[in-house]
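S.K.: Residues per chain, in single letters:
Number of protein chains: 2
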Amino acid sequence: MKHTIYSPFDMHIHFRQEEMLRLIAPLSAKTFAGGVIMPNLIPPIDNAEHLLQYQSEIYEAVNGYDFTPFMTLFFRSYSERELLEIKDKIIGIKLYPAGATTNSDAGVKEMSKAEGTFALMEEMGIRLLVHGETHGFVMDREKEFISIYDYLAKKFPRLHIVMEHITTKEAVDFLDRYENVTATVTLQHLLITLDDVIGGYMNPHLFCKPIAKRYEDREALLEAALKAHPKLCFGSDSAPHPIHKKECCGCAAGVFTAPIALQVLTDLFEKNNSLENLQNFVSDNAIKNYSLTKSNKNVTLVKEPFKVPSQYGNVVPMYADGELNWSILSVQ
Amino acid sequence: MKHTIYSPFDMHIHFRQEEMLRLIAPLSAKTFAGGVIMPNLIPPIDNAEHLLQYQSEIYEAVNGYDFTPFMTLFFRSYSERELLEIKDKIIGIKLYPAGATTNSDAGVKEMSKAEGTFALMEEMGIRLLVHGETHGFVMDREKEFISIYDYLAKKFPRLHIVMEHITTKEAVDFLDRYENVTATVTLQHLLITLDDVIGGYMNPHLFCKPIAKRYEDREALLEAALKAHPKLCFGSDSAPHPIHKKECCGCAAGVFTAPIALQVLTDLFEKNNSLENLQNFVSDNAIKNYSLTKSNKNVTLVKEPFKVPSQYGNVVPMYADGELNWSILSVQ
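Protein chains in written order, with this note's numbering: chain P, 1 to 332; chain H, 1 to 332.
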């Protein structure tokens with residue numbers, strides 16, 4: 001049994017820097033036509049020069065693969081001049097709301113400092129990508145942030161707001177509330193709950209932010225993905241860390257899924273009799289929501305076992321040493 | 001500033017076996033007058049011979065310290081003859097409800113298989129110590145188990161049931177519902193929430209079962225402890241693991257607190273203007289609830305900094321390398 005996906009896009013990905021960049025960029029570029037590259041480097045990417053330099057490093061790292069890195073800028077207050085200079089080079093600006101608190105009013109208050117820039121972005125049609133968590137109790141952070149999304153969506157009705165890596169039923173429900181709000185969801189949040197992270201043994205390789213939530217949350221996310229909700233796009237949030245940062249302090253947050261994402265998604269959609277919706281979930285929804293051009297990259301998967309390596313370089317992937325039901329047959 | 005505690009008891013402690021037993025038993029025996037020793041060894045302690053052998057190993061390990069190990073038996077179906085033989089050698093029988101499920105009816109149904117033994121225990125005045133968690137979602141397991149406690153407390157009104165290491169507001173509230181139900185609470189559950197385990201970095205040294213819960217749960221536990229609720233006893237559940245089992249797979253559940261418990265508790269009670277209740281919480285409540293004899297051991301603490309070692313042998317304690325405000329001055 002075979003299945004072909006045209007022009008798959010990963011709308012949320014961490015490529016890191018230097019050796020890590022050179023190790024992992026090709027693993028995404030091999031099977032994906034493009035991806036939204038997160039700007040949270042050290043230092044963060046918050047100017048045109050840094051952005052263009054990182055973009056050229058990425059093109060070098062993907063080393064010949066047909067892959068488009070959709071660049072993002074790290075949110076700060078930007079001047080009109082700065083935004084005019086950079087708007088055509090980015091797919092959006094990524095906001096990490098350090099100021100937001102468990103009290104969503106306070107969160108909005110903090111946010112209000114950024115409203116000048118939001119207004120300029122709305123004017124120029126620059127997308128706002130948001131890590132939507134407050135600083136509240138770990139299981140409530142996303143839920144609490146919904147009121148901030150609500151405030152922003154209402155106040156800036158022409159600003160395209162992307163709720164990144166949603167993990168709750170509340171976020172799924174919120175998707176339909178405003179025209180200008182879309183979302184991404186990761187692979188792992190369609191598959192795991194908090195039980196997989198700390199319910200039995202503690203599993204540092206499934207520790208990510210936002211943390212996996214309850215069964216009813218996973219069900220809501222999976223249902224929306226399987227029916228390819230038009231405002232929901234696949235974004236792996238694939239986030240590699242060297243093995244020692246995952247195991248020998250158990251600290252780093254992030255699950256590395258890029259090299260197995262398409263195989264696992266194909267299996268998941270097939271198992272749930274939704275294979276016909278996978279194309280929209282991993283490609284067409286993104287093309288519509290972000291006005292992308294379809295690439296000519298076609299990935300054909302075959303239902304044959306794929307043994308997941310224990311490591312890619314010094315990075316442990318999800319399902320390390322496990323066997324997947326689908327493999328990549330060819331990429332054209 | 002000094003504070004003296006008479007005859008402190010740790011009503012829930014894991015002493016393990018062999019080298020680990022010899023390493024940690026003295027650390028409890030130095031400052032505690034006695035402790036309830038958990039029976040979950042490999043193999044579990046479920047007969048008189050094994051129990052007496054383990055008890056003698058403990059006496060050897062505490063190596064001269066004045067310390068009474070209150071022995072427990074691992075729950076299984078026991079005959080009247082077996083219970084008659086052993087009842088005077090144990091403080092209770094510890095139940096790990098492997099059969100209980102998220103569905104509390106099913107949980108009770110499983111429990112019902114054990115009712116013959118419960119009835120005998122009630123008859124003979126043998127205490128039932130319970131790890132009260134279902135197999136449900138990690139944050140709900142204790143809450144779900146309350147209905148099983150309710151069933152047992154009602155069905156066996158003369159059976160003393162101990163809710164071990166409670167972690168939720170629901171368990172605190174349940175304490176007052178039945179005459180025959182008391183509880184223990186650990187040090188860490190008075191101090192941490194899930195945020196400390198996975199809210200920032202993942203902290204394997206604070207990973208324990210039951211998992212730390214929400215702020216409102218911690219507040220309810222702390223309030224009950226600070227006022228020395230007469231049915232609540234200190235039980236550290238101090239559970240050592242070799243460092244490699246905590247850090248390099250992040251898997252083992254348990255926090256090692258025995259050597260710092262009294263210092264931290266004294267600080268906690270002083271900070272909350274409840275120092276006068278500490279004696280009841282760590283000693284007199286246990287003496288009343290378990291009909292213990294007060295020992296002559298007096299522990300005097302002084303408000304002088306104590307630097308917590310990074311490790312005791314190969315075990316990392318809570319607050320490793322941290323500084324506590326109170327130290328042990330003398331033990332008489």
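I should point out that these hints are in silico values taken from the structure, not numbers from a laboratory.
Wrong hints could be hidden among the right ones.
Same chains, same names: a pair is fine if it fits in one copy or spans any two.
Stated by the list, open to error - Once the Cα atoms are required to be at most 25 Å apart in a straight line, the calculated DMTMM-like pairs of lysine to aspartate or glutamate come out as:
1) Lys169 / Asp195
2) Lys231 / Glu170
3) Lys288 / Asp173
4) Lys169 / Asp140
5) Lys209 / Asp196
6) Lys294 / Asp267
7) Lys209 / Asp195
8) Lys227 / Glu216
S.K.: Hint by hint, which ones does this structure get wrong, listed from lowest number up?
M.R.: Failing hints: none at all.
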